[in-house]
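Which chain is which? The protein sequence lines are A and B, in order.
At position 80 of the first sequence the residue is numbered 119 (the numbering used here), and the sequence of numbers has no breaks.
At position 145 of the second sequence the residue is numbered 467 (the numbering used here), and the sequence of numbers has no breaks.
Simulated from the structure, these hints should not be mistaken for lab results.
As the structure is a computational prediction, the values presented were derived from the model and not from experiment.
Check before you lean on any hint, since a few could be wrong.
One-sided and incomplete, this derived list gives chain B residues near chain A with beta-carbon spacing under 10 Å [stated by the list, open to error]:
{"#": "1", "residue": "R372"}
{"#": "2", "residue": "S375"}
{"#": "3", "residue": "V377"}
{"#": "4", "residue": "E399"}
{"#": "5", "residue": "L414"}
{"#": "6", "residue": "R425"}
{"#": "7", "residue": "F444"}
Far from chain A, by Cβ distances over 12 Å, these chain B residues were calculated [what the hints assert, rightly or not]:
{"#": "8", "residue": "G337"}
{"#": "9", "residue": "T381"}
{"#": "10", "residue": "G459"}
{"#": "11", "residue": "A477"}
{"#": "12", "residue": "S525"}
{"#": "13", "residue": "D528"}
Where a beta carbon is used, it is the ideal one built from N, C-alpha and C, also for glycine.
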Amino acid sequence: MAELVQLLFAGLTTGAVYALVALGFTLIFQASEVVNFAQGEFVMLGGMVTVFAYQAGLPLPLAALLAVLVAVATGVLLHRLAIEPAKGATVVTLIIVTIGASILIRGLAQLVFDKQFHALPAFSGDAPLRLLGAAILPQSLWVLGGAAAIVFGLWLFMERTLLGKAVRATAANRLAAELVGIDTRLVLALAFAVSAAIGAVGGILVTPITLTSYAVGTLLALKGFAAAMLGGIGNPVGAVAGGLLLGLLEAFAAGWISSTYKDGVAFLVILLVLFALPHGLLGRRAVERV
Amino acid sequence: MPPEPLLRVQGLRCGYGRIEAVKGVDLEVAEGEIVALVGANGAGKTTLLRAISGVLPITAGAIRFAGEPVETMRPHERVARGIVQVPEGRQLFGPLTVLDNLRLGAFRRGRARTEENLERVFSLFPQLAERRDTAAGALSGGQQQMCAIGRALMAEPKLLLLDEPSMGLAPFLVEQILETVARLRREGVTVLLVEQNAVAALSLADRGYVLETGRIAHSGTGRDLLGDPAVREAYLGV
Ligand SMILES: Nc1ncnc2c1ncn2[C@@H]1O[C@H](COP(=O)(O)OP(=O)(O)O)[C@@H](O)[C@H]1O
Ligand SMILES: [Mg+2]
Chain A
40 MAELVQLLFA GLTTGAVYAL VALGFTLIFQ ASEVVNFAQG EFVMLGGMVT
90 VFAYQAGLPL PLAALLAVLV AVATGVLLHR LAIEPAKGAT VVTLIIVTIG
140 ASILIRGLAQ LVFDKQFHAL PAFSGDAPLR LLGAAILPQS LWVLGGAAAI
190 VFGLWLFMER TLLGKAVRAT AANRLAAELV GIDTRLVLAL AFAVSAAIGA
240 VGGILVTPIT LTSYAVGTLL ALKGFAAAML GGIGNPVGAV AGGLLLGLLE
290 AFAAGWISST YKDGVAFLVI LLVLFALPHG LLGRRAVERV
Chain B
323 MPPEPLLRVQ GLRCGYGRIE AVKGVDLEVA EGEIVALVGA NGAGKTTLLR
373 AISGVLPITA GAIRFAGEPV ETMRPHERVA RGIVQVPEGR QLFGPLTVLD
423 NLRLGAFRRG RARTEENLER VFSLFPQLAE RRDTAAGALS GGQQQMCAIG
473 RALMAEPKLL LLDEPSMGLA PFLVEQILET VARLRREGVT VLLVEQNAVA
523 ALSLADRGYV LETGRIAHSG TGRDLLGDPA VREAYLGV
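When you get a sec, could you build the whole thing from the sequences and use the hints?
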């Protein structure tokens, strides 16, 4: 029982981060049909900028805020300098553009920061909480709570505000969105900005547990992509479900089989989804179109 | 000198890649007019409307609206000035509700008038009021067209561009839509109407243009065009 709860929490905690990355994928994909493989770099920037700003003497909340701003600026620049000029290019070209961007961001991060692993102090101490015999890190609760707050906030934005509805409208029918006077270029920039912020917050929350370095983005992008595929790419509920499920699969694979196979799970999932469930668990169609 | 028309299109050229679909069109719509644009399938009517709305770039020519050049403006800036289009095939936001579709129509207008305009749309199309919480994609064809027109009205158009509003509708619905167009004009909206149903469109319109493979082949009052033997033979099937 204790082991089960332990693995469950470990899985949900990493799964929450995958869910945030997958949510970022989904948001950008919905608004623009761009599969943004630079999504993992936002998570990296969230962690790394916080670490270095904190080491430079900023209080942790300010360091975190700065990190989110840096990630958002990066997201907006990525849209402005790489995606917007490539408007009308094929999906594959755009994927290559985002992969190129992620390599560039990683390279710059290595120059600006360093190649070491870095930690942040846990937000409310390291003393584990006891639950059914398992030891739960308080930071895990920060990750889960933070992810839940982001998902809820994003839902409120998309469902309850006119601007959020404009994002959904752009996703549903870009031509019609332009004809009602929505500045779709701005909507796409907004999607990149919000995705970047979501990723960065994920990176900040999880760094006290997993540590971070300039290079963590690559694997996170792949796993977030696997999670998004699992949930049916373009479906925000599916993205969250896919992220949590992938985190759980990894944790149980590591706990019950061998931790050697942990990272392999995501790739296995990508392959299985591609062959067996091309629309994901929750997706009927890849994109909603009228 | 007569006052400048609300819309003046001069020497407009545009197309898709190397295919030129509109090959130098001159067209005017005066304030308060209904102008019909008719022509065979593939003549370039939709392409011309896209260019006027700014969702398709033009390669040559000028578009003036209310005395101001608009051809370099982005689509949302043109909507803000009052050029609003009901596109071919409705193009609703399918997963969003009818109410959300209508509210998004008012994206460039103040919140203050949105509720008032909603009431106006619902009084024009009572069926939409009943189905306000339905996903637009689940409406019947006629209701979808009402929703598309209603969405455009929410933007408070000065010039309404209607692209084949009666396409695919049952005859009684076609009549209802065309009646709505006439009513909108009485309320002060200027209309550029593209129709397959050329007889109905020209009967309703003050003036008309016949587009033929990207060029204006005939123009005149609705009555003159309906009476022109060349037009009758080629486009009215009589
Ligand atoms: N998206 C497109 N890509 C390439 N060619 C197009 C596209 N849309 C229309 N065309 C071509 O442009 C010409 C004019 O089309 P269109 O403006 O739709 O005509 P209409 O609305 O009068 O039926 C046609 O030859 C059509 O095949
Ligand atoms: Mg057409």
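We went through each hint and held it up to the structure:
Interface hint at R372 (chain B): satisfied, since its Cβ lies 9 Å from the closest Cβ of chain A, which is below the 10 Å cut-off. Because the beta carbon of S375 (chain B) sits about 6 Å from the nearest beta carbon in chain A, less than 10 Å, this interface hint is met. With a least beta-carbon distance of about 5 Å to chain A, the hint placing V377 (chain B) at the interface is held under the 10 Å criterion. Annotation: E399 (chain B) was flagged as interfacial toward chain A, and the flag holds, the nearest CB pair being 8 Å apart, inside 10 Å.
A cut of 10 Å between beta carbons decides the hint on L414 (chain B): the least distance to chain A is about 6 Å, and the hint holds. Residue-level restraint check for R425 (chain B) holds (minimum Cβ-Cβ distance to chain A is 6 Å; threshold 10 Å). Annotation: F444 (chain B) was flagged as interfacial toward chain A, and the flag is violated, the nearest CB pair being 18 Å apart, outside 10 Å. Every C-beta of chain A lies more than 12 Å from that of G337 (chain B), the closest at about 15 Å, which supports listing it as non-interface.
Every beta carbon of chain A lies more than 12 Å from that of T381 (chain B), the smallest distance being close to 16 Å; the non-interface claim holds. For G459 (chain B), the condition that its CB be more than 12 Å from all CB atoms of chain A is violated, with the nearest at approximately 5 Å. Interface exclusion of A477 (chain B) from chain A breaks down, the closest Cβ pair being 6 Å apart, not more than 12 Å. No Cβ of chain A approaches the Cβ of S525 (chain B) within 12 Å, the least distance being about 27 Å, so the stated non-interface status holds.
Distance to chain A confirms D528 (chain B) as a non-interface residue, since its nearest Cβ pair spans about 25 Å, more than 12 Å.
Figure legend: structure checked against the earlier numbered hints; hints not met, in rising order: 7, 10, 11.
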